[in-house]
Structures are given as C-alpha cells and as structure tokens.
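S.K.: Reassemble the complex: the two chains are provided individually, in unrelated frames, and hints are given to aid placement.
Protein sequence lines correspond, in order, to chains A and B.
Convert by adding 2 to the 1-based position in the first sequence; the result is the number in this note's numbering.
Convert by adding 2 to the 1-based position in the second sequence; the result is the number in this note's numbering.
Read the hints as simulated data drawn from the structure, not as lab findings.
No incorrect hints appear here.
Derived PhoX-like pairs (lysine-lysine); straight-line CA-CA distance at most 20 angstroms: (1) B:K44 x B:K109; (2) A:K59 x B:K101; (3) B:K101 x B:K51; (4) B:K70 x B:K60; (5) B:K44 x A:K13.
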Amino acid sequence: GAGVSQSPRYKVAKRGQDVALRCDPISGHVSLFWYQQALGQGPEFLTYFQNEAQLDKSGLPSDRFFAERPEGSVSTLKIQRTQQEDSAVYLCASSVEGNTIYFGEGSWLTVV
Amino acid sequence: AQSVTQLDSHVSVSEGTPVLLRCNYSSSYSPSLFWYVQHPNKGLQLLLKYTSAATLVKGINGFEAEFKKSETSFHLTKPSAHMSDAAEYFCVVSDGYQKVTFGIGTKLQVIP
Chain A
3 GAGVSQSPRY KVAKRGQDVA LRCDPISGHV SLFWYQQALG QGPEFLTYFQ NEAQLDKSGL
63 PSDRFFAERP EGSVSTLKIQ RTQQEDSAVY LCASSVEGNT IYFGEGSWLT VV
Chain B
3 AQSVTQLDSH VSVSEGTPVL LRCNYSSSYS PSLFWYVQHP NKGLQLLLKY TSAATLVKGI
63 NGFEAEFKKS ETSFHLTKPS AHMSDAAEYF CVVSDGYQKV TFGIGTKLQV IP
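The shape of chain B in the complex, shown without the other chains (with noise of 0.2 angstroms):
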C-alpha cells in the first residue's frame, strides 16, 4: 500500500522569499517520487523526480527536492520565490509501474 501526504493545502509567500511545500509518503516498497504543478487551466508538468539515484534532486525552474527515508518525506524548496510559481503542486509516489498516488494538492499563492 503507498499514500502521500501534503501537508498544507495553500501555502503563501512573498516575492523573493523562499518556498517550502511539505510532503509525507507511505510505502511498503522503494518508491518513486515525483512533484508536478499544475497551473490554472493547464495540465500537469513534471518538476522533479527521485527513483533512488542522489537524494536531493534539482528540477526546474530553480526547484528542488530532497528525499529523506527516516523522516518518509519529500519537501519541495526554490530560495527564492517568482510571481510565475504561483500555481497548484502535487506529490506523487509511484511503484515504478501502474500503482501511482496523488496528494490532495498544495496551492502556492506569492504575493507581490
């Protein structure tokens, strides 16, 4: 069985400050691990993944992620925050092959 967890459903920072969205996962095996966002209208574009290579993983757009298997999370982090990051993000675990999980959703809102 695998679930995630994000931690907040809206998240609300300041231009140029930094940016934390918070995710816990459960599984019985080793996962895979992936952010997306998703911005309004839009589909799902991949941010990053982690599939057991380096635990901290660099994407885009200045986004990073780092997996720590004692604490079962997987926090997304950018230091500075853009006007254009404001969007939804989703956690996903996955077990490499059909079984893949959402969390409910982080909105980020970046105020001006």
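Just chain A, same shape as in the assembly (with noise of 0.2 angstroms):
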C-alpha cells in the first residue's frame, strides 16, 4: 500500500481482555517497529523485526505484550489481560534498512 496502515484506529478494551493490533507496512519494507505513546509523552520503542525475525524485543513492558511478523509482511502486537496503564497510543512503522521510517496513524487503545 501508500503507506503504513494500522487497524483498528481506536480501541475500547475492559480491564484484563485480550487486544490484537494489526499493522500492514509499506510493501517491500523489510524493517518494522512498535513504539508505545502514553499520553504527553513520546514514543517508546516496543520491539524490531527484520523480515519475519524479531530481533529486539527489549522495550515489551511485560510478558503480557507479544509480537509476530509470522510472513515478515503484516504484523500484530498482542496485549493479553490489558491493565489501564496499557492505554495509549500503539505505533507501527516500517523502513528500508538504513533509510527513513514511515509511521502509521497508531492504534488508540484505551482500557477501562
């Protein structure tokens, strides 16, 4: 597609259900990232998959928080048993190794 693409837009999860976040990239980007955006704050980063390999995961807050690239194409970011301090924003982007990276619009998770 044009661009980084995410889905759902925005989400309303009740305290511990299980949320998937869905991330299609720019095609043919091989390097895809997911930052974390709470309120008023910038983007942290999540995790790094080079194709379909997920070579840094060092920002997952938890064990809760789970990533695949199963195709090294689409991507999504699972959040089990979702606790209120999981709201925010989640933000896929997706680069040609060494070059710019392209955000999407973010998945808006608010939890309840």
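M.R.: Okay, structure coming up:
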C-alpha cells in the first residue's frame, strides 16, 4: 500500500480483556517497529522485526505483550489481560534498512 | 549509546514570526537525524532528515534544520510560522538500522 496501515484505529477494552493490533507495513519494507506513546509523551520503543525475525523485543513492558510477523509482512501486537496502564497509542513503523522510518496513524487503546 | 534532548517542551510564537525548536543529540557513531511532526490525533509525519550529506537540510512546509557536529545540535527552524504549524515536533536519532531514539517532543503553539 501507499503507507503504513494500522487497525483498529480506536479500541476500548475492558480490563482483563485481550487485544490484538494489526500493522500492514509499506510493501517491500524489511524493517518493522512497534512503539508505545502514552498521553503527553514521546514514542517509546517496544520491538523490532527484520522480515519475520524479531531481533529486539527489549522494550516490551511485560510478558503480557507479544508481537509477531510470521510471513515478514503484516505484524500483530497482542496484549493479554489488559491493564489501565496499557492505555496508549500504539504506533507501527516500517523502513528499508538504514533509511527513513514511516509511521502509521496509530491504534488508540483505552482500557476501562 | 545514543540520546536526544529537546530543550523546550513548549514553544509559543506569533503567526508570521520565526520558529526555532532546539535539539541536541549524543551518539557514538555518525547518526542519522530526523524531525517528525505530529498533529492532534494523527500519526507521525517526516519533516526532514539528515544522513551525512549536506549539513543544511530543507524539509516540507518551509522547515529546515542545520546539522552542527561541533555543537551536537540539529535545531529546526522556519522563517515565518503559520497557524497550521501548531503541533508537536519530535527530534529523532538513528544508527541507521534498528536503534531509533525519540526526544520527548516540543509542543509548538502559534498565536494569531
């Protein structure tokens, strides 16, 4: 596609519910990133994929967070047993190695 | 290791006056530097990037930034602010691969 596409754009989850956020990167982009942006803060790194390989998951805040990119294209960020502190915008980005990173518009998660 | 410091969390200017958003970086290699803009409820849009070519970089919407290695700075400027420039601006440093670090952001207010 023309840009990075994320869905859903908005999600309200009850505490304890599992959520799945989808990212469709720009076609041909090898690198894929997930970031978490809390209200009033800058984006914080969660995880990085090169094709289907998850090379860095050091930013995932707990074992309730899980990301996958099984075919090296679409990626899913899953959050199990959501907590209120998980409320944030989840940004996906993709790039060609060593080049500009392009961001999607984000998935806005509110946990109530 | 790398880091980014955005020196002002909020900047307020009058419409038609110059804009200066300050950014200092720290990096143990030759970094790539970016400025992104985020309008309310929107994703991150690339304004401009520096990747070791010309030190004065021109971006979209009349913005430009100058890379000064001796001062480890990459300040963003615009000669004349428009109302539509009101947004949050992020300075970003990258090692060109997977390590990408965001500043905390600067909120730009434009007063009519």
